[in-house]
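Q: I would like the entire structure built from these sequences, with the hints used as guidance.
Protein chains: 2
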Amino acid sequence: MTGSSPGFRVWEMRDVTQARGAASHIAIGPGGEFDLVRQMLSVWGDTASGIGDDAAVLDLADGERLVVSTDTAVHDVHFRRAWVSAEEIGFRSTMAALSDLAAMAARPVGVLVALTLPRDWSDEMESLARGIGDAARLSSVPIVGGDLTSGRELSLTITVLGGAARPLSRASARAGDRIYVTGILGGPAAAVRDWESGAQPSTWCRTRFARPAARIREALWLAERGAMAMIDISDGLGSELQHIARASRVRLRVDLDRVPRGPGVEWRDTVCGGDELELLFTAAEGLDVNAFARIFGVPVTEIGDVRPAAEGEVVAERSGVRVDLESGHDHFSR
Amino acid sequence: MTGSSPGFRVWEMRDVTQARGAASHIAIGPGGEFDLVRQMLSVWGDTASGIGDDAAVLDLADGERLVVSTDTAVHDVHFRRAWVSAEEIGFRSTMAALSDLAAMAARPVGVLVALTLPRDWSDEMESLARGIGDAARLSSVPIVGGDLTSGRELSLTITVLGGAARPLSRASARAGDRIYVTGILGGPAAAVRDWESGAQPSTWCRTRFARPAARIREALWLAERGAMAMIDISDGLGSELQHIARASRVRLRVDLDRVPRGPGVEWRDTVCGGDELELLFTAAEGLDVNAFARIFGVPVTEIGDVRPAAEGEVVAERSGVRVDLESGHDHFSR
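Protein chains in written order, with our numbering: chain A, 1 to 334; chain B, 335 to 668.
Derived from the structure by calculation, the hints contain no laboratory data.
Heads up, a few of these hints could be off.
Label-pair restraints from in silico Cβ distances [what the hints assert, rightly or not]:
hint: 1; chain 1: B; residue 1: 658; chain 2: A; residue 2: 62; range: 47 to 57 Å
hint: 2; chain 1: B; residue 1: 415; chain 2: A; residue 2: 199; range: 35 to 45 Å
hint: 3; chain 1: B; residue 1: 627; chain 2: A; residue 2: 249; range: 46 to 56 Å
hint: 4; chain 1: A; residue 1: 176; chain 2: B; residue 2: 452; range: 44 to 54 Å
hint: 5; chain 1: A; residue 1: 119; chain 2: B; residue 2: 537; range: 33 to 43 Å
hint: 6; chain 1: B; residue 1: 658; chain 2: A; residue 2: 165; range: 48 to 58 Å
hint: 7; chain 1: A; residue 1: 258; chain 2: B; residue 2: 372; range: 26 to 36 Å
The structure displayed is predicted, hence computed values, not measured ones.
Glycine residues also receive a C-beta, built at the ideal position from the N, C-alpha and C atoms.
A: In structure tokens, the structure reads:
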């Protein structure tokens, strides 16, 4: 396996805009790697487009800017095999990457899948591919390219490309605006807590971890209605609040009692738990939260307000008592 | 390390077009991961731009299409620690990814770096970053985002974004055209052969493996002068010829004696050796090979011609005897 081949690139693609739907890939050469690629393409069907050249070619709509992000999920760092199925690993990794486009209020236009596949996972490749394909299909975005390599550790790096006329930064919170959060928080953190203590999480918590949904349509709707600073809750609400406060140089005042909490979820799960893929954003007072809930079947909740400040700061209270927010996940400082 | 944090995303970026040169990143929160990110940013200096949001925002020039590719390099699969320095690993991984833009005749506009860093490599992070930064700087492309994660296996997934008014596909070879190759081949394969037999490769061969250059300016020049089908030689000349033949549905006739071979290189190294980052392309007869050599200090050599065929096929000869081309690297079929 090692060394004799200094490098290989397995598959790449082109011209998704023309091929979309037609799935007219370029003919791929012979060999075992290419057989695996063909297997993935067959799982993906029309969701994969124009695979087979050195790179993918895409077009944005007139007036759109390119928005791009990359996200890696590694076995035993971001998930454990005992917790989730291969299909769920593929699904949530792809949704987590797409969530970064939602956080910018960008419309997804393409997904690239870089997969490092150890031998003991090779039987699961089709399941992984199915999960990746489902997440892309549900988000109406084609898989336009990627890379398949062997290795000792299962790893997925998903790169997402989008277009946005007005990308939403985390640095745009304005004093006077309100702070909102979509969805009901704490499920993924509660699920991990249960798994780690040997318990089975509730179906609700487990699903929140294993089959999260990127809030893409929700983000576009909110951007059209005046959302300003936006971020997705991938590192935990506390951490994301600090990101917005620092980037925007404002004080964020949050009432943690107002954060919607799922069944069986402790309040700390809503503050420190990552992988929510819900949106935290600021907007002027008076956002039509009822219309949002009606259209998307998910609540949006006002949890605080934005004040002027010289330096970024977060002031969080619970039952009127100030809470010291932890800064979310941090592997390297442990 | 494992499990307690279901996921984390460390750094992302925005608005490179505005920040270019000014390196005006968004303020990044506290924590050990972010310290590592700051360390990388300090190595990169002005080469990194607008880091810190959920995603990077980029603009293409008017009339350009988006060209994108992703490439993974894994320790002990694509390189060994004893062969190359951490700086060289960063350099060649980035150049290998950029080479896919060259193969499409695209102008690079941004690089995303997804790095999985095991603890026993953490002292080498700055060297890795320096190599990545050097490759980006030499290619005049900003590093606009990425992801940093822990893991057991060093892995770099480099995603490259480019713009091209007329991207060159591998499917555009036309009967009657000639086949050309840039540069002098076989160095990387000869270096790997030496390392594996316990010998030290020559400086020339070693440098070809450790410090390859993506032929970006060369590709743009060739595209302006009528190059049609183009591919970079990452899997070996034999394999790439087959890719073009199949994708274009033509017969490629190649005289292997005409392939320029480096010092200490066997002819097989020029056919089966990957990681060349040289360009294989077709163009009408009469390409000004002297002007190319004068401008870029690198030869471009005609090695065969394109014939009509019902199915893609490669006919390779050496000293007038037909050679059965191996299909290049293939990890999964071993």
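Q: Hints broken by the structure, by number, lowest first?
A: Of the numbered hints given earlier, the structure breaks none, since each of them holds.
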